[in-house]
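J.: Each chain, letter by letter, is given below.
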Amino acid sequence: MGEFEVHRVRFFGLVPAGVRCLACQPRGGRLALARTDGAVEVYNFAANYFQEKVIPGSEARSVEALCWAAGERLFGAGLGGDITEYDLARLCPARSVDGCGGPVWSMAANSTGTQLAIGCEDGSVKLFQVVPGGIQFERNLDRRKGRILCLSWHPSDTRIAAGSIDILRVFDVCSGQTVQRIMVNYHVQKVKRECIVWSIAFLSSGTVVSSDSFGRVQFWDWERGTLLESHTISTSAVLSLAVSEKEDSIIVGTSTGATYQFQLLPVKMGSLEKRWVRTKPFQHHTHDVRAVAHSSTALISGGLDAQLVIRPLMEKMQKKGYDAALRKFTFPHRRLVSCARKARLLLFQFSQHLELWRLGSTNETGKDGEVLPLCRMPEHLVQLKSKGPEHIYCSCVSPCGSWVAYSTASRFHLYRVQYEGDSISVKKVPKVPKLLLPAYQLQFSADSGSLFVASARGSVHVLQLLEPGGCKLLHTFRPPSGSPEAVYLLAASADGHWVAAVSGDWAIHIYNLKCFKHHCAVPAYSCAVTALAIHPVTNNLVIAYSDQQLFEFSIPEKQYTAWSRMVQNCGLHRVWLERDSPITHITFNPKNPSHILLHDVYMFCVLDKSLPLPDNSALLMNQSTLKQLPENARQRQLHAFKICKKFQPLLFADLLDENCLVMVERPIMDVKTQLPLPIQQKKFGT
Amino acid sequence: MVAPATLRVVRCGGSSLHGARAVFSADSKYLLCASGDFVKMYSVATEETLRVMGGHADLVTGIQLNPHNHMQLYSSSLDGSIKLWDFMDGIPIKTFTVGSKLLALYALASSEDSVFAVIPKSGERDTFQLVSVKLTKAAGQDLEARELSVVLDGVDASPKHIAFGREGEYVASVKEVNLQVYFFKRKQLNRFSVSTTKTKSGNNHFTCIACHPTEDCIATGHADGKIRLWRNFHHKKEYTFSTLHWHHDTVMDLAFSVEGTSLLSGGVESVLVLWHNESDHQKDFLPRLGSAIEYISMSSDGALCCTLHTDNRITIINSNLRFCKSIQGLIKSTDVKTGLVVDPRTKALVLNGEPGHLQFYCLQSDQQLFSLDIVQRQYIHQAGLNQADLVKVAFSAQGKWLATVEEIEEESDPELQLKLWFYDEETQSFKLNTRINMPHDGHITDMCFRDMDELEEDSLILVTTGRDCVFKVWVMVEDTDPEAQQSVSWSCDFVGSYHNYQATNCCFSEDGSLLAVSFEETVTVWDSVTWDLKCTFCHPPGKIRNICFGRLTCSKYLIGATDYGFLCCWNLLSCALEWSAHLNVLVLQPDPLSEHIAAVSWLSKESSLFVFKPNEPRPIYIQRNLCKEKIQLAAFVPRDEPETIGSEKYLWLRRSQLFFLTDTQELMTLSTKSLEERLTPSSKQLAVEESLPVTPFSLLLGKHRRQQSQEGTDLGKLVVHNKHEQDSPAVKELLHTPAHVLPSASFLCPIFINSLLISKENKSAEEVVDEVEMESEKTEDDSDEERDVTEMEQEDPSPVELLGEMTCKLSKAQEKELRKIRKIDYSWISAF
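Chain order of the listed sequences is A and B.
Take the first sequence: its letter number 643 is residue 643 in the numbering used here, and every next letter is one higher.
Take the second sequence: its letter number 504 is residue 504 in the numbering used here, and every next letter is one higher.
Simulated from the structure, these hints should not be mistaken for lab results.
There are no misleading hints in this set.
In silico negatives: residues of chain A with every beta carbon more than 12 Å from chain B:
(1) 360
(2) 497
(3) 549
(4) 558
(5) 574
Here are some chain B residues pointing at chain A (derived, C-beta under 8 Å):
(6) 215
(7) 216
(8) 231
(9) 232
(10) 234
(11) 237
(12) 238
(13) 240
(14) 241
(15) 243
(16) 248
(17) 279
(18) 282
Note that the Cβ used here is the ideal one computed from N, Cα and C, for glycine as well.
Isolated chain A (complex conformation):
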């Protein structure tokens, strides 16, 4: 594997925002997720739950509810009182309509996706028509006091169930009248506490399922207004509830972090009588589970501890494989750290500010595994705060460390950083060219002479950086066939000849920088690209896909390399393919051209192309066993993947020079201490 001096960086104080709501695309393969900071993310089930799209949030915009309507259109509503439609191609809010009812607590689309219902603070339920190019207010339903916290359409689209405080109501959509009101806390005598109906679902059988703050999941007959079944599952509130499409399974999330599955099971074999039975409990979260979703094969839950947990339903699985494993996502599937190799600087991207750090250094050397004492401590150089409510889309620091660029939804900033001894001056570059904003990815060229800006419609802008502090737009590349989707990943070659860009439709285009023209496109592959990089020596483009496949594409020859073909023929190791998280960064060792360095959240890997690939019978993670083998036996056991799992969770890894690595870790315990205290629970034996 080679020996490296490793900077183990733990001062990136990222605290991911909690998950506020989840929405599964009906009959589709996507999951929309909204975080408490207003960010909206889209995960693609087909691409191994890859975080495909991220729409950064804004201080001014909270998202309380998300729903898919009219096919692929995503709507969000929040306490700002607006209903926002998101542009998933340009990754920004497309248009907003005021709900006119105060803060919006809930929103639901009907089964055909033609109508949206919102529940407002003032107790009104409003219907909106989904029309091409926006939504149109249709009418108000019967208004009563008390905020509407949750809504659910009957699958026939004729009725809406709405949960409020102490009460749940059923509306007739045609007449707009309340046709049933059910007091939820009627059965709890002598309790003066108010009972909040946190979540509701209307089943096609006419059963209304409600979950409330008393820890109950209740099944009601809406016509008679009677309680069919009541399950007390927790001593604290049941916050969220989701029903499978077949309506035979329900997942609920509680404020203790536990989720439970309910299943509709026949009471006796062969009889038609069925009953809801609480079956499996899961304790994946430490905090409130504010959002749950039920896909056809998995139970999905998101909590305030920022975790997205995908728990597959084993009985729905045909075979053991990637889909049959439990997944937990805490950190974003993209890079929030950029590194200035030469200047040994790290730039950390937070939601509303950037931090520039200088790495510490040491004079000492030591043996494998030793911790070296620092002679200079890591130093926090600059904190750049973005102005306005918008969150940062992307950021980058140049390899020389003297340029820092970031972009928000409406603004693009470029700074010139000058180091004079210990003092640092940051100067904003005036008069940046007007670009199509926002920028989705920024990448400086290796010589720090130019900046590539990934933009909407598949375009890449090339800015030339001028001394002592200026820039001009050199060229804008556009894919020859055009593309509606934004570019989300960039890679530039070390020699300044090539730049590769990946847009949201997963097409990879390679542009020639010398003659400013489109060079070629990498053959289309049916999966999302998670990372790519151009080899500094051979100019081969290495691509990592979300299904954990690796490709190597020779840019000069415009074809896959022999090694890549060999990998495709042999297939990768099963353990490699079943890994949890996507490769988020690829880099190379210029001293050792056959090495590819890649990492995901749980491992760092040196891929040695000169060694044979392991077959499925071999041990993939064999570094510790190799150490114990004698030299000649070790040679026989060697294979291409050299994996290190020492650094977890790994947010970023890069090679500073030929034997110096930087690893940015964010221990989960550090994140946990930043979260509010969870609900106190008595544990047996403590």
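Based on these hints, arrange chain B on the given structure of chain A.
T.: Frame of chain A, contents of chain B only:
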């Protein structure tokens, strides 16, 4: 009747009550319980043992009510037979011989003529299979039932590991981490397993199983304390389960309520947990049940449940989880350190009971009389904790004083306490009189009172021997402390030692004048007045294991048993060895009421009993191979009245009975009676009743019926009705005699009917007798006609009158006749 030729070793009660799940009778009035080789029947209302049904030759492993006749009971035993009992009368109806060991028994309403049993798989060790046993309908009492069909293979031997689902649709069995469910109709076998991961709290092996009575739901208990509720298990893949977790250790047993709405679970926590609606959050507890729950069973009407505990206790709990009754058998502590002691007052056997308690166990009723808390400290259930334990007990001759020794086992120095208890006549219990801390510096090895019945109280002496090489003599003194509540207390009077040897045993002679104390290899004899060393005996090599003085005519002899397998008898007058025998004696027990001494030896894996008189070296009785287990302790318990024993050989058993305790904690005795004799039904007669639960509905109906019956002239109803009124003794006896032992109905009918008639006042007794004889002749011709006549006759008096005057109009002659019949049929049953 077989002559009492041989002496048999019989288990005498005290056997564990938790061999199988207990069964409530259909009306919940009686509780049936497997206990050793017997099936016991208790009254739920009074906790009394009503019946002991014996007949199995080995442990009873399962009892089940006959689903087609709730007055009958099936029982299975390791002897390979299934018996069908009429438990109301305690009479075996049929015996089915299966042939192989039966480890569990299940009876199903849906299977007409077969029961299910677990038997060992032939040819393989430790593998068992569930088979259905076809019970032939043939006549006769002893039947063969060899027609077995295997239902499930690879099941566990424990009866708790198999359960039958609703209406006998399926059977579920668990073993280790595997659950298998077999559907009878579809002939489909589904297997499920839980992961074998070991957690901190233990493994998740299955420990018990119960099936929901009306739904497709299986509850399983696990060794890590979890309860899983399986559903949808007719799908191989889409099965699902939910988990209930409260127990921190093994779930020992589970039971669903009758309707299946709640689930009861119990474990080593001694807490019965009631889970409502299969919810983790709705549960009730009945804590402090004393000891680990082994089995839970529900009555068929759901009003009662009962738990069987590891300490041989049955607790009856009513439906709202209130403690109702408890029946305590002999508590089997792991180590009986106190030995078997007989309380002179109650003749009860006294030994270690609950930790730190002394139990008084009544041998006759097989019930604990009471439990005396000696240690008076909270017992903490925790492994590895040194608990204070009772090690020695001695009673004075009249049972007035009780001396106990308790110690806390420490590595280096044990903490000892000697307590002396005075029997308080007022409270009828023992009261602590004196507590002596550290009476010896080492373990106390033996303790005895001077056994002098006729002497006054102040001559009472207690001697203790200790590992600290001394023996101490304790006497009562006047208490000088004015604050003391009692007038006397005990203090040390004399400390004796011999060459710094450890004192091991002590024993007083019958008249109390001599004290023998054994010091390792030497027996020393001391004068109990002056405490002078009189003489010493020894029989090297070998340390003295037991010593005792001879009694009555043999009081000049001292018997000792040594480690190296010698039994020695010394003559105290000549101070010489009278005789010795090569015998590895474990237990040496003199009979307090005769000269006989019983010695139990252990040689090559069998125990043998030798009974001898000290004056002659030849034993008067030898029983080789008494039992396979090692006998640890023995005791002679005086009989209430001397038994008449025919054979000369067994005369030593005339005045007292020998009980002994094996190392598997089984209490045994020797009996001269034959098997059949011991099995005669107990004298208690049970009221014949329709053993059906009384529901409000049936009460309502009954009221209606009664009105009808009063109007009508239905004979049967009237008879039932008459029973409630005070009957004539003859009719009562007739009604209370079990039906199957009565002579034929045609024979009884005229007498019975005559008894119902209101005799005319002018009719003399002689005439009635004549009429009876006449009518009995007539019955043989035509009984139907006869009944018509009686009905006709009964139409005349008004029903009210009939009820009132029914009472005692039976002539003496008729009574005599009936008695005669009863006598006849008893001899008839004993001939069976």
